[in-house]
Structure formats: structure tokens, C-alpha cells
Amino acid sequence: AAGVIQSPRHLIKEKRETATLKCYPIPRHDTVYWYQQGPGQDPQFLISFYEKMQSDKGSIPDRFSAQQFSDYHSELNMSSLELGDSALYFCASSLAGIDTQYFGPGTRLTVL
Amino acid sequence: AQSVTQLDSQVPVFEEAPVELRCNYSSSVSVYLFWYVQYPNQGLQLLLKYLSGSTLVKGINGFEAEFNKSQTSFHLRKPSVHISDTAEYFCAVSDRHNTDKLIFGTGTRLQVFP
Numbered sequence: 001a002a003g004v005i006q007s008p009r010h011l012i013k014e015k016r017e018t019a020t021l022k023c024y025p026i027p028r029h030d031t032v033y034w035y036q037q038g039p040g041q042d043p044q045f046l047i048s049f050y051e052k053m054q055s056d057k058g059s060i061p062d063r064f065s066a067q068q069f070s071d072y073h074s075e076l077n078m079s080s081l082e083l084g085d086s087a088l089y090f091c092a093s094s095l096a097g098i099d100t101q102y103f104g105p106g107t108r109l110t111v112l
Numbered sequence: 001a002q003s004v005t006q007l008d009s010q011v012p013v014f015e016e017a018p019v020e021l022r023c024n025y026s027s028s029v030s031v032y033l034f035w036y037v038q039y040p041n042q043g044l045q046l047l048l049k050y051l052s053g054s055t056l057v058k059g060i061n062g063f064e065a066e067f068n069k070s071q072t073s074f075h076l077r078k079p080s081v082h083i084s085d086t087a088e089y090f091c092a093v094s095d096r097h098n099t100d101k102l103i104f105g106t107g108t109r110l111q112v113f114p
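Those protein sequences? They're chains W and C, same order as listed. With the first letter of the first sequence counted as 1, position 91 gets the number 91 in our numbering; the numbers rise by one all the way through. With the first letter of the second sequence counted as 1, position 57 gets the number 57 in our numbering; the numbers rise by one all the way through.
Note that these hints are calculated values from the structure, not bench results. Backbone N, C-alpha and C fix where the C-beta goes; we use that ideal spot for every residue, glycine too.
Label pairs and their computed distance ranges (CB to CB):
no.	chain 1	residue 1	chain 2	residue 2	range
1	W	Glu51	C	Lys58	31 to 39 angstroms
2	C	Ser26	W	Glu82	25 to 33 angstroms
3	W	Leu83	C	His97	32 to 40 angstroms
4	C	Ile60	W	Gly40	21 to 29 angstroms
5	C	Arg77	W	Ile98	23 to 31 angstroms
Please construct the entire structure, taking both the sequences and the accompanying hints into account.
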């Protein structure tokens, strides 16, 4: 079965640069979630979208923004990168009304 | 608000032994409960979930968990582990009425030795 696709899988950036992470949900899933997992930590919820509208917001820095497009894929834009932004970024998707989130393999962002 | 406590950061066990990974949660509202597994350098895979109904939930790879409302626990068990079960295990909760946000515990590292 098709799973959540994230690209790129690995990304290396310098401080103060910008990064864009992409997420392609499971076909027919209309809800997308973003999580950040720091080294040795549990995943932390950043933001979610349902039908292209932001549905909930967690501990997402103001330097980060995200959106969901008409084909339901989502992009997480990160500006003015800091060393502390180095983490594994997960995208998950679900179908509205179905309460299980399915996670992608993650994008490992390293900020040097 | 919800919170999740995984009491054991690491659980070492020999192959074919039984294992229990503990999870307790705190919430002022009704919750859904999940266990996810993360293998090295991989994403999170759903092991099992409790939404309603029978409090004993069976998942993939021979794992099961029991929801205990009075003790606010959702412990994960497997009667006989394999080397391949070595991974990080995360317990998570979400509000039944706002399922957008999964709140994760800090994880338990299961290390299976031959």
C-alpha cells in the first residue's frame, strides 16, 4: 500500500539559510500533520492542515510556515535556520474522521 | 491538556523472554491511545491503537496492549521477543474531540539480546 512520502530524506543547510520540506500524503488522505523530533527526543507536534486550511498549531517557531496545496501535499518552509533546528521532521497523514495518523519516513535536517 | 509518561527509558531483555513497556497518561478529557515503533533511522510505524470497545488491543508483530482507565495506563506487552524487536517504542495520546495533535511519551528503548 502507498505510504506517506517525504522529500528530501536528508538535507544539510548552513545557519541563516532557508529550507523547504515536502510531504505527499497517502492517496485520499485530506489531513496532514508535521512533527519535529530532536536528537534523543520524542516527536513534537508543529502544525496540521485539513482541506488546505490550518487546523491546529503546536510549538512551531514563527520562522517556520507551512501550507497544504490543492493536491493535498504540504510544504514546511523554514527560514533563518538555527543550529537547534537540526532534527528529524515527520509528516503524517490521515483521513478526516479516521483517528489514526500514518507517518512518513522523515526528513533529517542538519544545520551547520 | 494531555501528557504521557513512559517510565522506562531503556528495557534490556533476552530473546524469547516476555516484555512489558509501561505507559501512563494524564488527561482531563477522553483520549485515544496509540503505540508507535521507530526502528533505527526510520519513521514511526503504528503498532496498535485503542479507540473504544475491548480494552485488550492486539497489534502487529505479536504485540498487545491493555487500556486500564482506572490506572490511566496503556502498557504494551509481548510474550516472546525477537532480536528484530529492538527499536524505540513511543506511547501517544490524542484528545477524542481534537485528534489533530498526538502527544508522545519520551520513548522506551527496547534492546533484545541473543
